[in-house]
Amino acid sequence: MNPATNRARLFRPLDFLVMALVVALALLLFLLPHIGAGEPTCLVVSVDGVETPYSLAGEYSFTVTSRGYTLTVRVADGSAAVIASDCEEEVCLHTPAISRTGEVILCTKSRVMLRIAGGGEGYDAVTG
Amino acid sequence: MPLQADRVRARRLATDALALSLALVLSYLESLVPLSFILPGLKLGLANVAVMFVFYQVGRVDAAAVSLLRVTVVALLFGSASSFLFALGGAVLSYLALLALSLLGRRIGRVGLSVGAAAAHVTGQILAAILLWGTPGLLGYLPWLLLGSLPLGTLCGILLIFCEARLTPWRK
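If you read the protein sequences in the order shown, they are chains B and F.
Under the working numbering, the first residue of the first sequence carries the number 92, and numbering increases by one thereafter.
Under the working numbering, the first residue of the second sequence carries the number 3, and numbering increases by one thereafter.
Next up, chain F with everything else stripped away, as it sits in the complex:
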């Protein structure tokens, strides 16, 4: 029925918009907890919880759109051209990792997905920085960032589990 289809579309749009707003707020909150003094580029990654929520609860295309829009708006509001490129590199590689890991189906949990996506995110950021600045020495930071992605990715995965448990009944 056309009315039902309209309702589904409206719910999908509303969920995407809500997730994008949440991702933007979480990006701002992340900036209040600076971890860059430990390692350049190290972040809590809370905004990725919103992207992964959309990936599993709405759709993959929607998740790509939310991720891309989040990176763009954050760069416009808080960042610069170079920070946009770093974030874009991280977001693209992180999304590709999500796509690849999601093929494993139910054998992999949200924590494994989140850790894999976090590791891909920091790798994408470093590669983008190397391309932009032409300094391969930046690879020296990557192993530390990968180790940092373990606890932070686990945290985001656990947050995602709790969000899905509490939000999906509401969406029905």
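Chain B extracted, bound-state conformation:
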């Protein structure tokens, strides 16, 4: 408490250190997946842990159904995005298109995850 104003101080010096550490950790987690990740090679669609690779070349759409939910994925210009979903949360719809190795789009309701795989991950045969 500050006796002069009889009001509690909102901030103390170490508060800003904690905030800076949180920001630093966030930045580190942003950068780490891209270090040594290699060029993007394919889109990997994971449904309940079962992975299916898709090509990032060309333009095409496909649907994924899991746990009663259907997602429509559009691949174009080397990127992938969810363009339609009947999931009420719509997290996947609001996630921007992914194109860089390590980027993901996740639908928590359907347990569907889209991930850009990079060089060295060993996906030989791709769909699409």
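Fair warning: there could be bad hints in the mix.
[Stated by the list, open to error] Restraint ranges, calculated between C-beta atoms of paired labels, are given here:
1. B/116 x F/101: 17 to 25 Å
2. B/111 x F/70: 29 to 37 Å
3. F/15 x B/142: 48 to 56 Å
4. B/115 x F/38: 37 to 45 Å
5. F/102 x B/119: 15 to 23 Å
The set of hints was computed from the structure by calculation and includes no laboratory data.
Quick reminder that beta carbons are idealized off the backbone N, C-alpha and C, glycines included.
Got chain B sorted already, so can you dock chain F onto it with the hints?
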């Protein structure tokens, strides 16, 4: 005097019960302001204000009990087994962060504590989800959730300051 000891125990129990009730109501109010469409798992975190209030005004063991009971009751009333596990992961890591940061004493304020606890909470939730679903790709959401914990943790810390200023004279 035995009567005084009984009064202290009764006051402690009443404060814990009040904080738990408040945490449950705040958890319900949080669900009316959905932020999950921005990021999965993003919440206002208002219920944590009640837990932190108990941590500093009653005791650490009481805060752990209130936190654990809140997570359990919310899961029973509004959630599912998986939501219970996510919330439990967040609550455990958040409590450990509170314990660690509280060792800094008066050098850290309620806002710093709240931000640290909020960051630990989202980290615990993501780790629990990764363990449950086996999808390490969920880590891609963590940096965004950590950035989200800054304003939301600050808000909760400021709310805690105001609550302590107004409620602690009443408790005396």
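Exercise for review: Hint by hint, work out which the structure violates, then give me just those numbers in ascending order.
Suggested key: 4
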